[in-house]
Amino acid sequence: VFSVRDLLLNGGDRERLKGFLSGLLKEISTEGFLDIYLGFPDGTGVFGTGYIPESDYDVRERPWYKLAMETGKLSFTEPYLDVDTGELVISVVMPIYDQAKQPLAVLTGDIKMAAFTKIAENMSVFGKGFGIILSPTGMIVVHPNKEVALKENLTKTSNYVQPALAAIGEKILHGEAGFGDYQAGGEARRLYFSPTESGFFVGLVFPRAEISKL
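Here the sequence shown is numbered in the numbering used here, starting from 263 and rising by one per residue.
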């Protein structure tokens, strides 16, 4: 971000910016990034992949640009399907300002959902339990059950989200950190949860029987 800001403050040459983003994308593509790009207040954009938008493309109308302008800070979009690759992605956005706090651009990176899944897969205790990640609206973004991930909202009751679990979901969305107990599939479970600076929430689902053993 600091490197991009320096380039923008020193003239903002589009070719230099494009070259910088292209080089950066090559470095971080192994981390699950599909693209990294800049959107400018005049509606134009520069993409690390070299993508050239249609003449009527206006970044100011894109959800990622609007989100950055609304929040004024590092934020994540809701998951969506990338039309070019068919990959399910999340965009991380960061507005960049000059010394007068005027917007210079929005820096955005598209990240494969698989990268988030890897994070959750490593969330266990002695090999027990599993991790989940919730979007700022409560959508279960990452879950080991494919019938749950991106289909259930933890604050809305359903066949999967029983009232006790939905009540925990409400606490999570209020920014609380802690734990709550619920039943699922005849098993007593405990969900440990915490907010993150990104606006997403992380949780660890753990069998209560294992807690007793520990």
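What the hints contain is simulated information worked out from the structure, not anything from laboratory work. Treat the numbers as computed from the prediction; the structure is a model and nothing was measured. For every residue, glycine included, the Cβ atom is placed at its ideal position computed from N, Cα and C. Watch out, some of these pointers could steer you wrong.
What the hints assert, rightly or not - Quick list of the computed label-pair ranges, beta carbon to beta carbon:
no.	residue 1	residue 2	range
1	His436	Pro315	52 to 62 Å
2	Pro325	Leu476	41 to 51 Å
3	Ala362	Leu412	46 to 56 Å
4	Leu336	Gly448	33 to 43 Å
5	Leu412	Thr311	17 to 27 Å
6	Pro325	Phe388	39 to 49 Å
Quick rundown of the hints versus the structure:
1. For the pair His436 and Pro315, the beta carbons lie near 39 Å from each other, so the given range of 52 to 62 Å is not met.
2. Restraint check, Pro325 to Leu476: a C-beta distance of roughly 43 Å satisfies the suggested window 41 to 51 Å.
3. For the pair Ala362 and Leu412, the supplied restraint of 46 to 56 Å is violated, since their beta-carbon distance comes to about 41 Å.
4. At about 41 Å, the beta-carbon gap between Leu336 and Gly448 stays in the expected band of 33 to 43 Å.
5. Evaluation of the 17 to 27 Å hint for Leu412 and Thr311 yields a pass: the beta carbon distance comes to about 25 Å.
6. At roughly 40 Å, the beta-carbon separation of Pro325 and Phe388 lies within the given 39 to 49 Å, and the hint holds.
In this structure, the earlier hints numbered 1, 3 are contradicted, and the remaining ones agree with it.
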